[in-house]
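Based on these hints, arrange chain R on the given structure of chain Y.
Residues per chain, in single letters:
Number of protein chains: 2
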Amino acid sequence: MLLQKPALYTDLYELTMAQGYYLSGRHEQPATFDYFFRKLPFSGGYVVFAGLADLLELLDDFRFTKDELSYLKEQGFRDEFLEYLQNFTFQGSLHSAKEGEIVFANEPIVRVEGTVLETQIIETLLLNTLNFESLIATKASRLTQACEGRPVLDFGLRRAQGLGGLQASKAAMIGGLKGTSNVMAGHLYGASVSGTMAHSWIQAFEDELTAFRTYAEHYPDDSILLVDTYDTLKIGVPNAIKVAKELEAEGHRLKAIRLDSGDLAYLARKSREMLDNSGFEYVQIAVSNQLDEHLIKSLLDQGAPIDLFGVGTKLVTAYDNPALDGVYKLSSINGRPTLKISDNEEKITLPGSKKIIRYLNEDGTFNCDGILLNDEDSVDEIYHPYIAHQSRVVKDLTPQPLLHKVIDNGKITITVPSVQESAEYAQKRLSELNQEHIRFDNPHIYKVGLSKNLLELKTKLIQEH
Amino acid sequence: MLLQKPALYTDLYELTMAQGYYLSGRHEQPATFDYFFRKLPFSGGYVVFAGLADLLELLDDFRFTKDELSYLKEQGFRDEFLEYLQNFTFQGSLHSAKEGEIVFANEPIVRVEGTVLETQIIETLLLNTLNFESLIATKASRLTQACEGRPVLDFGLRRAQGLGGLQASKAAMIGGLKGTSNVMAGHLYGASVSGTMAHSWIQAFEDELTAFRTYAEHYPDDSILLVDTYDTLKIGVPNAIKVAKELEAEGHRLKAIRLDSGDLAYLARKSREMLDNSGFEYVQIAVSNQLDEHLIKSLLDQGAPIDLFGVGTKLVTAYDNPALDGVYKLSSINGRPTLKISDNEEKITLPGSKKIIRYLNEDGTFNCDGILLNDEDSVDEIYHPYIAHQSRVVKDLTPQPLLHKVIDNGKITITVPSVQESAEYAQKRLSELNQEHIRFDNPHIYKVGLSKNLLELKTKLIQEH
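Residue numbers (the numbering used here), protein chains in the order written: chain Y, 178 to 642; chain R, 178 to 642.
Hints may be right or wrong, so weigh each one.
In this list, chains with the same sequence are indistinguishable; a pair is considered to hold if it fits within one copy or across any two.
[Said to hold, decoys possible] In silico BS3-like links for lysine-lysine, alpha-carbon gap of 25 angstroms or less:
#: 1; residue 1: LYS182; residue 2: LYS243
#: 2; residue 1: LYS637; residue 2: LYS411
#: 3; residue 1: LYS250; residue 2: LYS182
#: 4; residue 1: LYS411; residue 2: LYS635
#: 5; residue 1: LYS411; residue 2: LYS524
#: 6; residue 1: LYS532; residue 2: LYS629
#: 7; residue 1: LYS532; residue 2: LYS582
#: 8; residue 1: LYS355; residue 2: LYS250
#: 9; residue 1: LYS411; residue 2: LYS517
#: 10; residue 1: LYS419; residue 2: LYS517
#: 11; residue 1: LYS524; residue 2: LYS447
#: 12; residue 1: LYS474; residue 2: LYS605
#: 13; residue 1: LYS447; residue 2: LYS517
#: 14; residue 1: LYS524; residue 2: LYS216
#: 15; residue 1: LYS355; residue 2: LYS605
#: 16; residue 1: LYS532; residue 2: LYS588
What the hints contain is simulated information worked out from the structure, not anything from laboratory work.
Okay, chain Y solo, but in the shape it has when bound:
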């Protein structure tokens, strides 16, 4: 469990607004909110949606304790409102994309319906969870792409943003990583855990060879020897080769060596030669040290003989883009569709209760997505949200609804998928996205259009203001 008492993990204004609705007798008005993000992170072409399982659990646990209510009273909240909160649970409904779904900018990935009070009060918790986990799952997916089938492991906990490290490891698995150093993620989510030795292990012994030997003695089939504490090629690799010979004599096999500094391409090539020349073709080479998808791609482009990548800081903090700009916007109140106006056309929100339809090509790959009003059956054409007259005919494509009911009047209606199931789903879906949307640099923009009815509703509401 992430957070046992999630109700106060929120911005104060959710509570001041909730009290305002309550005191003015407006709190039971039906409302709809959309969760979406405006910009794809990492200059990339897609996002792997994650965080739903945690969100469902947090909403299920969303209650105010006595202690919390006393605190709110000290902060000036009124007795009648606090009495209301005392029995508050989320009784609204959620429609959501599946955890692991491949999604794009401006799509209402989660639609929340209920009273305006209950839909408002969960905003911060929802944003905090979905923004971060989707961000990291996306980064992990990019790293997985870069490794071209070689395993990539999460070693980031020490540089993670505090307790965010647990969600980072979880989301990294959803995005495609094959393992983590984070033992808690292993325990709670069944992630495959790995890790062998730090430089301190080597330093703690009289010499490197004794350090390697002692480790290999206790982990004869599972040793990854860190070879760069003193001098990688002069001391580290030769010592590893000695230990590999001794292990072989006992019927075991050294698993790998790890390089954690210096020019990884050069050192990997030289180490490979030394290992191969001694007959240890089976000993793998693992590398770590400030890796990201671009560095990994560069190493592999150079032909560096690397078998396994460990990534840390750049993954778990999403270093080059450490937040997803997801927002939660009111799209209808009392059945009246609403929008927020902006000078920046891209920031005008989409009014009304909506759904997403993914249109598939004959081979099952994604052609484009359409955002439709929820009561629309199907459409023949989708329209660019801002550029007049730009449209795409979709009537001959196979429509696939992306949003599914996950909470109905406060009750979770799905079997919450495991991390492994969500990871498999993400992988399957990514295989259905054409490669030009996946590449790292200037990916082709995936088309997300609006139905004519939605576009007209938006235009009408803008004109009314």
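Just chain R now, with coordinates in the frame of chain Y:
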């Protein structure tokens, strides 16, 4: 409490190494580890050290539960080692800089002593906590500097890295922020909480004026009206002025308006004129929207009449530098000083048990810091760590030890300071740092030198390898 069961919030290799030490009968060897970072974040001149209070609590709670031991057994750990872990508590000692201390690169801010097993096994937890909280406290300190006395509040929870958001809000207070939107930080740490309304509040009403009026009715002395939902200057500010008049007629005062989009300098100036021309000089102007220290400085340099800043993403994720590169390195084992060699001279670690002495000028400001061997009494001169012959005479300055014992054989020996106390300490200490180390761009590098004995020990050990 941050994490009830922290023992598995760790990298697997801490446990494989611990088992290796245990099985080879080496686990009780005395060891010393140093925590330090190599590079000042944000191209800045200092770091505000934070996270100590959380670390002390986490170490105090560091125990393996039955359930966790069963999990480790499934992962292949041996029975004899798991039996040892069953009763494991941290019985070592910590010397640490105070929470809120101003510290610099390469200083051993925390020294951990104990058996090699217990000092190794806490590595990840220590790094995760200190790296992140120090990072955010430092960012918050920079934001506070930029605001030149105006309050700056943390609004970042929705974009924080998951549960890291709680520590972010706490560290932000230590770094100097005056309040937060994060209600849990208010509840747990006594942080001042604030927040009024989102755009959704405005949209939920028939029109903006009704939304403002309803809010002001329930919060007559505490309303900050968000004026940019439809059109800031044409609709928002005029509506706020109407409500200010109505409040005044009832004996109340509108507190502020908030600008959350557009050109904040222009809109603040225009809004200020409109408010002043209507006689509302007392109504303050709050701004938010992707602010960081550089944007705030630019707004104030332009003379924008802003009274209060809300910062979010850029603070809580430390967006432009989202990780502090703190490391935890073995400096002695069995009384033998150790170091890690590197081609990069800056990455060679400092051997032996060490302390930090801050040398003060006559006026109490910081002159420079010296890293000394722990058994040295005092020194007359400190030396540059890599550049031969560069030294500074310190014999006429006042020495001030920076490290204090905080855990003695497993027992916390200090009264853990509150967030407010640490914030005050940080503020006091920052006032003792000369301004040229505080400025944002190309700050003057604060001198951190080594004692002659430490430098000679380092040189000798490098030559031995």
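Could you tell me which of the hints above the structure violates, numbers in ascending order? Every hint satisfied by this model.
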